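Given the coordinates of chain U, assemble chains X, C and B onto it according to the supplied hints.
What follows is the residue order along each chain.
4 protein chains.
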Amino acid sequence: MIRIGVIGYGYWGPNLVRNFYETPGACVSRVSDLRPDRLKLVTSRYPTVGVTDSQQELIEDPAVDAVAIATPVRTHFELALRALQAGKHVFVEKPLAATVEQVQRLIDAAQGAGRVLMVDHTFVYTGAVRKMRELVEDGSIGDIYYYDSTRVNLGLFQHDVNVIWDLAVHDLSIMDYVMPCTPVAVSATGLSHVAGATENVAFLTLFFEGRQIAHLHVNWLAPVKVRRTLVGGSRKMIVYDDLEHSEKVKVYDKGITLNRQTDRSEKMYEVLVGYRTGDMLAPNLDPTEALRVEAAHFVDCVSHGKQPLTDGAAGLRVVQILEAATESMKQRGRPIELPSVVLK
Amino acid sequence: MIRIGVIGYGYWGPNLVRNFYETPGACVSRVSDLRPDRLKLVTSRYPTVGVTDSQQELIEDPAVDAVAIATPVRTHFELALRALQAGKHVFVEKPLAATVEQVQRLIDAAQGAGRVLMVDHTFVYTGAVRKMRELVEDGSIGDIYYYDSTRVNLGLFQHDVNVIWDLAVHDLSIMDYVMPCTPVAVSATGLSHVAGATENVAFLTLFFEGRQIAHLHVNWLAPVKVRRTLVGGSRKMIVYDDLEHSEKVKVYDKGITLNRQTDRSEKMYEVLVGYRTGDMLAPNLDPTEALRVEAAHFVDCVSHGKQPLTDGAAGLRVVQILEAATESMKQRGRPIELPSVVLK
Amino acid sequence: MIRIGVIGYGYWGPNLVRNFYETPGACVSRVSDLRPDRLKLVTSRYPTVGVTDSQQELIEDPAVDAVAIATPVRTHFELALRALQAGKHVFVEKPLAATVEQVQRLIDAAQGAGRVLMVDHTFVYTGAVRKMRELVEDGSIGDIYYYDSTRVNLGLFQHDVNVIWDLAVHDLSIMDYVMPCTPVAVSATGLSHVAGATENVAFLTLFFEGRQIAHLHVNWLAPVKVRRTLVGGSRKMIVYDDLEHSEKVKVYDKGITLNRQTDRSEKMYEVLVGYRTGDMLAPNLDPTEALRVEAAHFVDCVSHGKQPLTDGAAGLRVVQILEAATESMKQRGRPIELPSVVLK
Amino acid sequence: MIRIGVIGYGYWGPNLVRNFYETPGACVSRVSDLRPDRLKLVTSRYPTVGVTDSQQELIEDPAVDAVAIATPVRTHFELALRALQAGKHVFVEKPLAATVEQVQRLIDAAQGAGRVLMVDHTFVYTGAVRKMRELVEDGSIGDIYYYDSTRVNLGLFQHDVNVIWDLAVHDLSIMDYVMPCTPVAVSATGLSHVAGATENVAFLTLFFEGRQIAHLHVNWLAPVKVRRTLVGGSRKMIVYDDLEHSEKVKVYDKGITLNRQTDRSEKMYEVLVGYRTGDMLAPNLDPTEALRVEAAHFVDCVSHGKQPLTDGAAGLRVVQILEAATESMKQRGRPIELPSVVLK
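Protein sequences appear in the order of chains U, X, C and B.
Per my numbering, the very first residue in the first sequence carries number 124; after that it's consecutive.
Per my numbering, the very first residue in the second sequence carries number 124; after that it's consecutive.
Per my numbering, the very first residue in the third sequence carries number 124; after that it's consecutive.
Per my numbering, the very first residue in the fourth sequence carries number 124; after that it's consecutive.
Next comes chain U alone, as it looks inside the complex (with noise of 0.2 Å):
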């Protein structure tokens, strides 16, 4: 049985603590927040479940195995290097943490105790997602073109990360876990309309050593709600669409052929472009709540040794894009090169 405890009761912990709850192989032992009420909310909820306001008490507390983060992005590092210290492994909601240096920081600290770090890139763990990478991995989709994605609506301005780092991390991370190849270079703009605060529309285009590109749209300040990703590849294209109630993703047998060939009067080799349109199949995907097989993994990672899928690397992938991104930003798109690739 793994003891998990939970730090941060406030937006997103709630749903870490009802799915760890409820994982074969794992309780829930303790929850840590600052505010009373919603230490109060817990013990309403789950009576046999310990709180205390103290994050470093539950960090150290010996019947805690586990740590999950759930609090703001600033307080990530401190709070996993504490409790990668104190020994315990640790599961931190996206992203990993504010800065590569930090992300690599944390990386080195999980091996060198050999704890399990992992960061939760949610939505890698939804049907539709894994479904996208087994379309890829297994040829249907042929060789990529391009990854386009569009996150806006009106949403929660944040007041200490921009919409990057809010909304474009989801992007960044299906990506990272769908394309079989990481970005070389970023080239990023946006804005803010609110004097003083942070970047509430974004736009970043992602460049690939070969023929790839990827872009990604992201805005808290739209009057509709979009989720919507396009990958397109040489033999079909996906369109990804979270708002569907059931067709989460369809596959498209739809694009170009190319027909090289040579134009004699030309003396030259001229392409043509053909079009092919055919069936659009929608599979069927597994329903299962996201971070409930996310949970699951965790507890078996760190049950068992294992590596987890959004390790440590995947989160240090995702921010070396947002760092970049961000200061692209404040250079109007000027593009920036990505550090050296860590490998998938």
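Just to be clear, a hint being listed does not mean it is correct.
To be verified - When the alpha-carbon atoms are kept at most 30 Å apart in a straight line, the in silico DSSO-like pairs for lysine-lysine are as follows:
#1 B/348 with X/254
#2 X/348 with C/348
#3 U/348 with U/373
#4 C/373 with X/348
#5 B/348 with X/373
#6 X/348 with B/348
#7 B/254 with U/254
#8 X/373 with C/348
#9 U/453 with X/453
#10 U/163 with C/163
Derived from the structure by calculation, the hints contain no laboratory data.
Keep in mind it's a predicted model, so treat the numbers as computed, not measured.
Relative to the frame of chain U, chains X, C and B by itself:
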């Protein structure tokens, strides 16, 4: 009676002929095309309209008062210039010409000859776009925050122009008409997925003097068709979806409210963002075909010596961005300053 | 403080407990269910709420002021009657009881005991349905022409009731609230696709005194989910789509205009139909959970001796139609007169 | 070369002329209309096509092999009969004639004269409907459970026919083609909202020998356009939405599974309903214009003496239902038996 000669009876020419044919105060006196089968088609449809395979003959025809040009982009400048020099009024399919310099020379030639020069920014004449301009102009939207458009589908790969010149030109012309200000710089990214061909996917960000931003998203290689524009404002927000059957424009009484207030404990000013949500209104739109409105407008300008809504200056503002965006795209998003603004 | 006892903790009971639990002025004092595991679930979620496997014990409990019943339809009458006889106020899940006669006896019992009898017509308490009623009442819609609803999906086949009693009951309760008049006859058709089971697809037409008609379309065996109601009126028309995320109610300024005029040549009156098309408005709706509004309303009625909006008479009007429709369905659509109208 | 004469150049006639004009093996030799301005329009569009204001002259013209009739319903019989008697092949807009008796006499006349009689059930020739038939015929759908269509919008109120004859005729012709069985009785309800006019809203239920049911829902007075058909089967279910741009037909691998089993305690057989959910497939459809396919089919039948897919018998099966439904509607849904089945 304004006698129109139409050069080019390929994809768009038939629409020009049909609309000018039915415009009161105008007639189509002649059509030219280099392909005999296209001319035969003209004759079968309009037995009374003269045809010729010589563009020059049409341009010099004394029975032609105005020339409408619907040929490939690279030929616009030469044909339009010759027509203006022959004393004809000129109507040119978008974009007005292939370079900023060419457009500038056409503007000068039209001015020198005292002839009307109009560019076919068709969408400007739709009921939907006219309504959007009205909503911006009468203050309903408040201060504009952003203009964000997506125009993607599985479309014909053009040989001579990239996807920006083919698709984004529509959005730039709409934006030029709707927005009260003009951009000062552009950052663009994009890629060609076909060796030796022009870019088939592209993303443009436009910067303005103030706190506005615009983003355009175009793609010839998408599995689904999207034609959607969001306009965010301080009072209301617009969603314009050109694929909707009837409610193409939706106005959302949604947004944020800013309350600047003193946080005494911190001795500093802090901004509080509030959220507002109200009714959505889809105004009734004039369903008249845009090209019919536009053809009548051209005939009116020619008849009464008026300046067209989409004149040479409008064409110039759009081509300036197309040119700068193509340059930025080659440099992976490095921002390019736009030439000094042409007054609207 | 009104102390509520809830009978039945299956599909709907948990929603009742949760909402009454959080309703100011009320508390849930006891829950009964015949299944021990359901009671265990109650205890784990609400440690302070008493549980019992005896419905009678709960009914007779002096610490219970009002009984909420969420059990199979066939048991409603017996339980509600016993509760009223024990001096309790009663809240019953829809439909109020299994026959017109039973409903009539419950109404009489409540009146005799001076207790509140309320039926859980949940949709009546949604922001969307309240807005529809408002639009009808204030004359915005004009004269009602028709009420037309579709409620289909791949749903649970009920064992004891047919699809009319399970699904159409929702639409009948909405219609009863929204429409200013009550039907005088019903023609219903339907079929069971499973030998020995109740009808899983059904269609009802309701006739009124005047020039109104209503139609209900219900199906447990549809591949897609549809929850759409059209209300046609002489001035405006409503589309209510319960699956829309935000714009559930749309009001169309569309319709026909009737111009009665003399056709001189024919020496008779002829009607000319004109068509009118205007704006569409999606009014902002109160997003409060319906059951929360409804629970507060029940507590208010009990506390202050008020008549509920969805009282026994509303329950009776709905069950009269359910009963007659089931009879008509057996006779392949033969119209059945409805009993003399219960005044609204 | 089959020489076609077209009677009636109003709403539908131009489509017939255009398609027969472009059908290989056919030409349009003559068009008649009672209105001079319509004939002038024909001449301006097709200078080589002869025109006449005399229907009889066209019918008797020896340069006409086949007559296509696109006139009001009440005139179909007379014109078609005269054309058959004059030895012409006949193509008639839907519905074939205004009464069952008239249709029967046309069938007899065609048979007696050895001429082709074809009714213009246009939808039967769309890629979408042909795909549906294919899916039913090859067993993909399994046993058919129901056919359920909705065809509503703000449409032109017809003067001579009610909404069943105008709109439901489309769905009946599609159903006649797609369903493997024919109905035995109909119950219909409906209403006119305009005094003295025909019914503008109607609902039809069709009963079959077996466990099938069909329902049609038509309305000229709806604020939104809906063109949707559901076909439920034991193996798969179809949604056909004619307003979709590309995926008009969707095939859902969803449904119920029936497990008959002995309930030992009750000593009886009980059915357990299970639910099945799988992929959804939108098959690629032939995009050819239906009327083009249909015109070629008529020409082929005339040229080679074949029986058309939509022959007199198909027209008869549809008119039988239209007539019975109108009768049932007068009696508020009382079921009307359909005449002995015409073999398909």
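Do the hints match the structure? See the list:
{"no.": "1", "hint": "B/348 with X/254", "verdict": "holds, 23 Å"}
{"no.": "2", "hint": "X/348 with C/348", "verdict": "holds, 24 Å"}
{"no.": "3", "hint": "U/348 with U/373", "verdict": "holds, 19 Å"}
{"no.": "4", "hint": "C/373 with X/348", "verdict": "holds, 25 Å"}
{"no.": "5", "hint": "B/348 with X/373", "verdict": "holds, 18 Å"}
{"no.": "6", "hint": "X/348 with B/348", "verdict": "holds, 21 Å"}
{"no.": "7", "hint": "B/254 with U/254", "verdict": "holds, 28 Å"}
{"no.": "8", "hint": "X/373 with C/348", "verdict": "holds, 25 Å"}
{"no.": "9", "hint": "U/453 with X/453", "verdict": "holds, 20 Å"}
{"no.": "10", "hint": "U/163 with C/163", "verdict": "holds, 22 Å"}
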